[in-house]
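Q: Work the whole structure out from these sequences, hints included.
Protein chains: 2
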Amino acid sequence: MLSALALARDIDAGKLKPAQVIDLCVKAIAAREADVQAFVSLDLDGARRCAERSAAALVRQPLRGLPIGVKDIIDTADLPTEYGSPIYNGHRPKTDAAIVSQVRRAGGLLLGKTVTTEFAYLQPPKTRNPHKAGHTPGGSSSGSAAAVAAGMVPIAIGSQTGGSVIRPAAFCGVAGFKPSYKLLPTVGVKCFSWHLDTLGFFAASVGDVAFAAAAVADRDLCVDAGEVAAPRVSLVRTHLWPEATDDMRAAVENAAKAASAAGARVEDIVLPPIMEDAFRAHGIIQDYEAYRAFAFEYDRHRERMSGILRTMLEKAASISADQYDEARRVSKRARQALADIMAATDVLLTPSAPGAAPDPSTTGSPVFNKLWTLMGNPCVSVPGLRDAFGLPLGVQIVGRFGRDRAALAAASFMERALARLTR
Amino acid sequence: MLSALALARDIDAGKLKPAQVIDLCVKAIAAREADVQAFVSLDLDGARRCAERSAAALVRQPLRGLPIGVKDIIDTADLPTEYGSPIYNGHRPKTDAAIVSQVRRAGGLLLGKTVTTEFAYLQPPKTRNPHKAGHTPGGSSSGSAAAVAAGMVPIAIGSQTGGSVIRPAAFCGVAGFKPSYKLLPTVGVKCFSWHLDTLGFFAASVGDVAFAAAAVADRDLCVDAGEVAAPRVSLVRTHLWPEATDDMRAAVENAAKAASAAGARVEDIVLPPIMEDAFRAHGIIQDYEAYRAFAFEYDRHRERMSGILRTMLEKAASISADQYDEARRVSKRARQALADIMAATDVLLTPSAPGAAPDPSTTGSPVFNKLWTLMGNPCVSVPGLRDAFGLPLGVQIVGRFGRDRAALAAASFMERALARLTR
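One line per chain: the protein sequences are A and B, in this order. Quick note on our numbering: the first sequence kicks off at 2 and runs consecutively. Quick note on our numbering: the second sequence kicks off at 2 and runs consecutively.
Incorrect hints may appear among the rest.
Since copy identity is lost for identical chains, a pair holds within one copy or between any two.
Here are the simulated DSBU-like pairs of lysine-lysine, each with C-alpha atoms no more than 35 Å apart in a straight line [unchecked claim]:
1. Lys-316 <-> Lys-18
2. Lys-95 <-> Lys-183
3. Lys-127 <-> Lys-333
4. Lys-95 <-> Lys-127
5. Lys-95 <-> Lys-316
6. Lys-28 <-> Lys-333
7. Lys-183 <-> Lys-18
8. Lys-16 <-> Lys-316
9. Lys-16 <-> Lys-333
10. Lys-183 <-> Lys-316
Honestly, the hints are just simulated from the structure, not real lab data.
A: So, in structure tokens, the structure goes:
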């Protein structure tokens, strides 16, 4: 994989030029893309031209001219944006999404658009898991996770409404970071659910996603300088623990032991029943809003939607305003309860997904992600572990709302602890 | 003016057909539009065709085939959408905004796009106040307010980020309703500030805006059936009271007396200092987000922006993430404080604007609206009063967050009390 941080350091040291980074990507794409199919479109020539022409200015900016992959539910004026749906074949937005402009302002180059599932829902995409072709890369940010895992780009942007950043990051063995709700603007991102949609980052390691997020958000989020203080970690199994595979349960418990051995205070905690209610509220809020967010497509073009999406929207039509309002009230109470719980800890530790990547007939289950998306807390999928068949497993660090840097720091601590474990 | 409720009742009684309502609009447009200039585009033939062809189905739907004007920052696939900016000359979105689909689902017909100020900011528009040509209709939903006031359409949709629904409603002497934050989806609405942007309605009276909102939002918001219980009303002058004209102060105080005479419990309240902090936080949040929401336009086309917008964005570039985060924390604390205050009352009574509509060199001041937009509470501008020169004055009812029906009921109560006062 290409480490964004390592590339940035080499650029700072004068050992590497932005155009040479593009060349590294081009080489990896030539070697892997035919099998992995992570991209919907590429602008290698454009990125290379820009890297050459503006090298002097780019290397002084936070992203140093590094290339970025952008999920194809995010509007770009210079490349087609099809939202993974035939309804938008050849669609070219007039305007870049805010996040794309933020990437450019930070000195990043748009390398290409990465595969999204249809409107970021559950229909499996063409992308394959770079670790093993018979497995899904996860969804819905399938191409973003796979492109980073295959070393084709150092940073990719995705989005999460259920579990679309943390789950594919875990399946592909890369770091994934879903920031606090609304830390990043979703202006120009195809909306699925306005209470849930959250942009996120993929990169080789936790330090790399923190570097990318810090640069794009223009915030103090970097965690690569010096030692990280040992966090207080709470292992939370939730009522979904039986849905995790034996390998995943062992991975989380081993991660807890590794963190403890590295000096972290680790304890078990049990969430109050309101959190189970909130887990169920997620689906009501998501589907009620999707029925409105996709009203135009559903009302005019439903014959060009996948069965899985159409069926969900059909059912969603009957969710009442009262049910939706009650789900939002539950969510609000749960957020308060979670804030109270987390006053006594730094982060929660929980699975990123039920296990390793399943076969490509699904994109896997977001069951371990939905609650945290609804709560809005920052989440990091920490790579480094594998199951019995050598497939990547991710463990998830959930931080306090608005404390994104602390979440990343704890995830980085965990990543180093896991490295000692597997060494 | 055309009362949506009265038209709907006539349709229900078989006395009026949807196509005849279109004819009423066509007639008013022929008489007034050349002077008022409320519309950017019209689809009179399309609306008429649809009203004739689908009459039987339309009259059974909540909006009964009534025509609607839609502010031109809201995407429409069938009519151009230019956001009031030359950057988007001739722009035709691929998709309707969610609110437009909701109008159609409720049996409303799109009559035309109404004038917005440039990107819903402060640059004065071409639209004139239907009551007196030498005065602004207010902004930024200038055309929506003016079109309703001139009787050219019974319902219009606008949006508010500072004071863009309540202020033009007051200046034009119509009812304006800004629902609770996120009651209506802003999917497909050009974003100015994602923490503030709120869609709203204009119609002839409070009962009419409630009818429109109930139909479009598919919620129990109607307040036209029977008597409304007398609300507890708190007159709140805020620290901005000195900015109101003598006429406006008298209007608010007379409204309080009228409500009291009609049986309401009216008392004065003073807001805690945190609300003043929140008032200032509004500008920081709005401008920080606008610098990101308009990144593409500012970075690539700033020469085609008005001076007033460009200058704001130039300044906004230097607002730090820390300042923004602090403003959000202030806002959160103020919301809690306001909820506590409002536990003992039903609604607040306060000016809709500093006074009547000023001359058209500005769109007037949103100073009496910004705080409530940030707080997210439902607001209603109640028409019925006039200043010494016969220009309309609006008084504002602010309800509890999420209690939109109660806010509309109290506003309706106030409207009737004012009618008795001016009779």
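Q: Hints first: check each against the structure and report whether it holds.
A: Hints, verified against the model:
| no. | hint | verdict |
| --- | --- | --- |
| 1 | Lys-316 <-> Lys-18 | between (53 Å within a copy, 33 Å between copies) |
| 2 | Lys-95 <-> Lys-183 | both (24 Å within a copy, 26 Å between copies) |
| 3 | Lys-127 <-> Lys-333 | neither (37 Å within a copy, 43 Å between copies) |
| 4 | Lys-95 <-> Lys-127 | both (27 Å within a copy, 25 Å between copies) |
| 5 | Lys-95 <-> Lys-316 | both (33 Å within a copy, 26 Å between copies) |
| 6 | Lys-28 <-> Lys-333 | neither (48 Å within a copy, 49 Å between copies) |
| 7 | Lys-183 <-> Lys-18 | within (34 Å within a copy, 46 Å between copies) |
| 8 | Lys-16 <-> Lys-316 | neither (57 Å within a copy, 37 Å between copies) |
| 9 | Lys-16 <-> Lys-333 | neither (51 Å within a copy, 47 Å between copies) |
| 10 | Lys-183 <-> Lys-316 | both (28 Å within a copy, 22 Å between copies) |
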